[in-house]
Amino acid sequence: MDKKTLRNLIVSVVIGGFLGFFALRGLFGGGFLGGIVGAILGAGIVYLIAYLLSLFPKLASFLANNIVTVIFVAFVLLGFMVTKEITLKNYIEQLFESVFRNSFLLLSLIIPVIAGLGMNFGIVIGAISAQLALILVRWFDIPSTLGFVACIVASTPLAMLFGWLTGKLYNNTRGQEMIAGLIVSYFASGIYLFILLFAVGGIIPVAAKGAILKEVLTRTQRNLLNPLGVGIRVSVDLGSLKYSLDGIWRLPFVTFTIIAAVGFLAWLVIQYMRKKKNPSLGKSNLLLTIAGSIVCVFFVIISAIVLITKNATYMALRPAPMATIIVIALLAVATNFLLKTKLGQDFRSVGQSQQIARVSGINVDRTRILATVISTVLAAWGMLIFLQNIGTLGTYTQHSQIGMFAVASMLVGGATTSKAAVKNAFIGVLLFQSMFILSPAMGRALFGNPLYGENFRTFMVYGVIAIALGLYIWRGLKAAKNKVEE
Amino acid sequence: MTETKKSFNLFSYINMGTIIIAGFLVLIVAMGTVFGKIPLSMMLNDCITRFGRNGVLVLAMLPAIQSGTGPNFGLPVGIMCGLLAECIAIENNFFGLGFLLVSVVLAIGIASIVGYGYGKLMNSVKGSEMTIATYVGFASVGLMNLVWVSTLFRSDKMAWFLGEGLRTTIQLDQVNANLILDNFLAFKLGAHITIPTGTLLVVFVLCYALYLFFRSKSGVAIAASGANPMFARAAGLHVDNNRIIASILTTVLAALGIIIYGQSFGYVQLYDAPMMMAFPTVAAILIGGATAQRAKVFHVILGAFIFNSMLATSLPVINRMVAGTDAAVLTDVIRQVVQNGIILYALMQVRGGNR
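Residue numbers (the numbering used here), protein chains in the order written: chain B, 1 to 486; chain C, 487 to 841.
Just so you know, these hints were derived from the structure itself, not from any lab. Treat each hint with caution, since some may be false.
[Stated by the list, open to error] Where chain C lies over chain B, by a calculated footprint (3+ residues, C-beta under 8 Å):
1) 165–174
2) 177–184
3) 188–197
4) 261–273
5) 303–315
For every residue, glycine included, the Cβ atom is placed at its ideal position computed from N, Cα and C.
Starting from the given sequences, assemble the full structure and let the hints guide the process.
In structure tokens form, the structure reads like this:
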């Protein structure tokens with residue numbers, strides 16, 4: 001038995017045994033004996049899969065390169081198999097609500113990756129600017145769509161300023177941008193907390209001294225402040241700002257599905273044609289185009305059937321927020337467009353090698369700052385879209401998780417610290433949010449305790465970041481070592 | 487990078503950050519005694535207790551920094567080993583000194599194995615150790631949460647009264663182990679000061695042990711591998727092995743650190759409590775004057791004392807000084823700003839990977 005077979009055997013016994021033990025014990029209530037049978041079965045299955053994969057080295061290396069995505073796909077499939085309490089309608093509704101809510105934020109991560117800054121954990125600072133703007137707008141009580149526009153206007157200069165400072169910091173912590181981004185987000189949160197908890201009303205006067213708040217301030221303003229007049233409340237109701245973007249134009253979900261599927265189909269065909277005509281744009285892949293087209297046609301047919309039969313369940317799906325979807329689509333197109341311009345080329349060359357970029361006359365520091373500013377501003381806008389969908393602002397907590405979740409989603413979608421594209425964002429948000437929805441129900445189904453699912457979910461967020469980043473760096477180092485040895 | 491040769495002065499030994507934070511501390515204490523009318527001895531007592539409680543955790547940073555992996559942001563990995571050891575000891579009905587000894591022995595055992603793996607991991611992500619370590623630390627907390635909610639442990643002392651899984655905090659007085667080290671040879675100085683002799687002894691003994699270790703042959707080798715890996719390799723040192731030894735050391739110290747922390751605090755905190763523990767600990771050693779690449783035992787002691795004193799004194803002082811605000815929250819906000827500010831400052835001093 002050679003070394004590789006032995007390694008495969010050990011890995012499959014460990015992984016398959018572990019999973020099988022719990023799967024069979026949980027699924028059929030088989031007790032310890034059932035667990036053992038499950039472990040043996042699981043080990044066998046995993047070993048068989050490993051063996052089959054070794055017959056197709058190309059497929060195996062593809063899977064190995066996208067291991068995090070593969071794990072998530074497997075997880076979601078398993079989730080569908082074991083959970084019964086989440087209906088398809090429920091799942092679709094929850095999934096797309098969070099996809100529309102999060103996509104814009106995710107897209108804000110792309111440009112820093114291309115400019116060689118890695119995953120920008122500092123987008124939390126963009127979220128902070130958005131929240132400050134939102135509180136200001138609520139203070140002056142600007143309603144609905146106008147209020148949303150006011151939020152955008154107010155948050156942009158803030159985000160630009162903070163983004164510029166963050167960019168400066170990244171230039172001073174070269175090679176450690178990601179940990180610096182994480183720490184600076186904690187640092188900024190501290191200052192933000194200080195301003196909103198103590199400075200508002202404490203240092204910045206909100207009313208004349210000694211005045212009775214009730215007489216000086218409007219009702220919305222009083223609802224914003226803590227009863228004593230110092231600090232903003234823990235949770236701020238957004239009033240008419242809720243759905244101020246989502247609600248502009250809504251279409252039945254099924255109609256949206258048809259439009260999206262047809263649009264995607266058209267895009268696939270156009271891409272294929274363009275690439276075929278001009279091979280310098282990239283390799284055209286007939287098989288993938290056909291597969292994609294079939295999926296699109298499938299969705300069109302399903303939606304059409306629902307429309308014609310007026311299926312009560314699926315017609316009742318929450319209508320799609322078209323304005324938000326258009327904004328997201330515009331950003332996706334704009335990002336791709338920007339990357340083709342001179343500035344986009346600069347981002348790329350700085351991302352590849354700062355030294356070469358400098359030699360060829362690019363102002364490296366300025367380019368990196370610009371990338372950070374763009375990312376921070378986009379994150380601020382993304383946070384506004386996120387919040388107008390939620391409807392309440394958790395003043396002191398909402399921003400803190402944003403960076404972590406966005407980065408984890410992006411990595412699940414197949415992005416790395418040096419390569420990210422629009423498609424990674426969309427794949428990532430779909431898979432990651434699916435995991436989020438299914439996880440508690442899976443915990444209940446497999447172990448009889450939803451707590452397992454919830455804790456597993458938190459573990460996955462951090463684990464994904466650690467594994468995806470770690471694997472990528474490890475591969476890079478290995479490649480560099482091999483190069484030296486050659 | 488050009489470095490001018492300085493003649494010996496105090497500033498080459500104690501850096502600017504230390505002086506600023508120390509000045510801040512003096513200001514707080516002065517305000518507390520003058521305006522807040524809090525007895526100085528009372529504040530000093532808090533400072534000493536807090537120093538003893540956190541000392542070993544801060545010490546755990548030393549081997550990691552010296553070996554070149556940077557401050558150990560993956561501290562929760564070690565902490566988890568310590569917590570697991572404590573839970574096993576409680577599960578098997580150990581009491582008092584027995585509990586302490588069993589959990590220490592177990593912690594060293596578990597942390598050595600985990601530390602080896604952790605070192606291997608750190609070797610495979612050279613250049614980005616701090617980022618990866620942070621997330622490995624977070625993930626280890628998430629992973630252990632799954633263990634805490636499981637039915638692995640069944641002792642009444644730890645489980646919820648209803649339902650499955652362990653409680654979020656486990657009182658150590660149930661096993662007669664709260665303050666077990668703090669009370670060892672403890673004596674009173676005046677009305678307010680109680681010296682936790684046992685804990686301080688452990689901290690200083692471990693500090694001295696590390697001081698000796700870094701003067702020994704293998705300690706010097708580790709420091710050399712951290713200072714200049716290329717040169718160390720050329721000189722025939724096994725850089726990777728040295729980094730693994732340092733990882734084992736830092737993990738074991740973190741595991742011991744949380745046991746000492748727990749007995750002084752009186753509780754074993756499970757679940758998400760250790761998630762953010764790495765950051766104040768990193769800040770403490772940096773405030774002591776360490777950089778992300780070089781540290782001394784002196785920095786550990788100075789930093790642990792100044793930073794923890796700042797935290798311990800600011801709460802009562804703010805409580806007296808600023809009426810109408812939540813002093814605990816304000817203290818926490820100040821901690822967050824100071825701690826992360828100092829880490830950012832240290833990150834800016836790291837020689838850049840200018841690709």
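### Message
If you test the structure against every hint from before, which numbers come out violated?
### Response
4, 5
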